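*Asks:* All chains, please: the whole structure from these sequences, using the hints.
Each chain, written out:
There are 2 protein chains.
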Amino acid sequence: MENFNFYSPTEFVFGKGRAAEAGHFVKKYGGSKVLIHYGGGSAVRSGLIDTVKKSLDDAGVAFCELGGVKPNPRDTLVYKGIDMCREEGVDFILAVGGGSVIDSSKAIAIGVPYEGDFWDFYSGKRIEKALPVATVLTIAAAGSEGSGDSVITKEDGMLKRGAGSDHLRPKFSIMDPSLTQTLPAYQTACGATDIMAHVFERYFTNTTEVEITDRLCEAVLITMIKETPRVIAAPDNYQARANIMWAGTVAHTNLCGVGREQDWNSHGIEHELSGLYDVAHGAGLAVIMPAWMEFVHDHNVMRFCQMATRVFGCQMNYEDPEATALEGIRRFRTFLRSIGMPINFEELGAKEEDIPTLVEKFGVGEGTTGGFMKLTAADIAAIYKIAAHASL
Amino acid sequence: MENFNFYSPTEFVFGKGRAAEAGHFVKKYGGSKVLIHYGGGSAVRSGLIDTVKKSLDDAGVAFCELGGVKPNPRDTLVYKGIDMCREEGVDFILAVGGGSVIDSSKAIAIGVPYEGDFWDFYSGKRIEKALPVATVLTIAAAGSEGSGDSVITKEDGMLKRGAGSDHLRPKFSIMDPSLTQTLPAYQTACGATDIMAHVFERYFTNTTEVEITDRLCEAVLITMIKETPRVIAAPDNYQARANIMWAGTVAHTNLCGVGREQDWNSHGIEHELSGLYDVAHGAGLAVIMPAWMEFVHDHNVMRFCQMATRVFGCQMNYEDPEATALEGIRRFRTFLRSIGMPINFEELGAKEEDIPTLVEKFGVGEGTTGGFMKLTAADIAAIYKIAAHASL
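Sequence lines, in order, name chains A and B. Quick note: the first sequence, position 278, residue 295 per this note's numbering, numbers continuous. Quick note: the second sequence, position 105, residue 122 per this note's numbering, numbers continuous.
Any given hint might turn out to be false.
Same chains, same names: a pair is fine if it fits in one copy or spans any two.
What the hints assert, rightly or not - Below, a list of computed lysine-lysine pairs in the DSBU-like style, where the Cα atoms sit at most 30 Å apart:
1) K87 x K188
2) K33 x K391
3) K45 x K146
4) K368 x K87
5) K45 x K188
6) K87 x K50
7) K142 x K50
8) K188 x K146
9) K142 x K188
10) K70 x K188
11) K142 x K71
Derived from the structure by calculation, the hints contain no laboratory data. What you are looking at is a predicted structure, and each value in this text was computed from that prediction instead of being measured.
*Replies:* See below:
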């Protein structure tokens with residue numbers, strides 16, 4: 018196990034009907050003028066925004082609002098949000114939505130107290146301060162409600178880049194699973210895939226003897242494998258929604274990643290796909306992650322056997338461990354297909370002829386990208402190629 | 018799953034050599050005059066107290082010190098600590114030690130800003146404020162480094178009582194597994210037992226459909242079953258020590274308990290034992306917890322089958338589920354014996370004739386105590402009786 022710091026100070030306010038407590042918690046964490054930031058019309062139509070506004074009114078907290086966040090949230094709206102916050106004297110950002118809304122809120126929160134271009138922080142600059150951010154979560158997926166991370170897409174060139182800091186960890190996150198009961202199956206499955214990917218990125222490591230973290234990773238994965246098909250079959254299953262929602266947070270506070278080297282290449286490789294085609298991040302991951310696994314599995318066959326047996330319930334083949342490793346990956350892809358996810362380029366809406374462009378945008382050049390197994394540009398192209406043609 | 022709040026704001030600073038960062042973190046969290054609170058001579062002899070003092074000096078933070086905390090920490094030293102803090106103008110308590118030192122520190126932290134008797138908070142009064150507390154942990158056991166709980170023994174009558182509040186959650190906890198490498202096997206095993214008990218108290222619940230929390234509980238338990246025998250066999254095994262230390266924290270931040278009714282009767286039943294005989298809490302739990310399991314197992318046989326199969330690797334006996342449930346409990350007791358724990362009154366140093374006194378002190382009277390299965394005074398007596406005579 019490697020030395021680490023773990024810090025997850027967010028207060029999680031979990032359960033049915035909790036959105037009505039938004040005002041109380043904004044006040045508790047020192048907000049006096051709030052920007053309510055949200056996406057499309059569903060948060061408005063469902064009455065959620067009204068619930069939040071009433072709650073802020075009741076707590077005597079002033080607010081303004083900015084909707085319109087799209088999936089793969091854009092820098093253009095972030096600039097608009099920063100200007101609005103400065104004009105209105107906003108001191109607290111309340112994201113009402115999913116990962117895109119939260120990530121856009123975090124970008125605004127960094128930008129307001131910074132004189133330069135907020136994009137600097139998505140180009141590697143260290144984050145020193147930010148307005149406080151909190152969330153009312155409406156989809157289990159990104160884990161942004163408990164993480165210090167944010168991913169924004171630069172509209173000019175559709176460049177998708179991340180920033181991270183403990184300053185971006187939400188003060189509180191209200192998580193009402195019933196808000197997710199109306200989500201379409203496809204979006205639900207994309208979220209579930211993202212959650213599992215957040216764990217796998219941490220699970221595949223070269224650090225040995227981190228049993229506790231391995232077992233915590235497996236706990237989340239096993240839960241997702243049990244609960245996801247239940248919500249696909251019955252979208253209004255509150256209990257299954259609740260388990261998935263909390264699993265999504267646990268997957269990404271970094272509890273599942275401490276004390277070990279992590280990978281994150283699948284996320285990087287996927288980001289170029291959703292950047293170029295504007296497809297859902299989770300759907301892109303469903304195509305990329307098993308392809309990445311196939312490509313890297315012989316870097317450590319035993320670790321893939323561990324996944325196969327502990328997570329996917331395979332019997333260990335002691336005479337042919339590699340067969341067990343590959344069977345685990347096959348079961349993962351079969352699971353993804355069973356919840357309605359694409360498993361190859363065609364199903365995703367990507368094109369094989371774009372692979373050179375994707376590799377170019379990834380930008381590894383003549384070097385390698387680190388993680389579980391170091392990858393060259395040729396390796397990344399090979400992974401895209403496997404992903405392009407994958408089948409069950 | 019029930020509605021819940023989860024809040025664990027402690028910054029965990031984990032790994033070899035981290036105690037030298039104590040001064041940095043005290044400063045980060047606003048301390049200017051620190052009480053260093055510790056136990057016996059080992060923290061002094063090992064040089065740990067000197068490391069901490071040097072680190073505070075380097076950071077320009079003033080300090081005073083108070084040693085002498087005993088296992089099952091006493092109210093008498095707490096009063097002394099409160100007086101000292103007031104005289105010296107202390108604004109930050111740094112616990113250097115294990116659960117007893119941390120719990121004593123938390124009690125001092127509540128007492129300093131309170132005009133009345135601090136024991137009020139251990140008699141049910143709500144905690145509204147406390148001085149900030151932080152820890153340098155030297156034993157994996159109580160989980161107090163990440164919890165908002167504290168247990169103190171009133172010397173007059175050896176009455177052991179708890180208090181809890183988010184105000185008591187440490188600002189930071191420095192956790193260096195190498196500090197635990199010199200611990201005697203018995204103390205190590207007592208700590209491991211306490212860690213497992215913290216999970217079991219949350220695992221046995223009447224709340225259904227909390228798969229994610231169940232799996233997280235099992236992750237910690239499986240880790241403990243793997244790693245504890247390794248440190249008993251080789252006390253200087255850093256990796257096993259590290260896994261146990263982090264598992265001990267995860268076991269008690271309440272991550273393993275959210276969204277569900279919890280039990281805690283075993284802890285209550287044990288507290289009377291360690292209160293009366295001044296035995297180690299973990300050793301008392303090794304005697305009480307399997308006895309409690311035997312007494313309550315038919316309240317929900319399937320839950321004990323889940324423990325038996327998922328945690329202790331039993332094969333499910335579908336023709337006789339109760340046999341599986343009992344086999345799981347048998348394996349737990351066998352495990353405890355294998356790491357050197359007592360399993361009955363004689364081995365613990367308790368006396369069967371004291372059972373009426375123990376039940377009387379527990380104080381359930383004509384009523385019942387809640388949890389997984391409601392227990393009357395007669396039930397508690399029956400559990401002590403099973404514990405008195407247990408064998409493998």
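*Asks:* Could you check the structure against the hints above and give me the numbers of any it violates, in ascending order?
*Replies:* Those not satisfied come down to hint 11.
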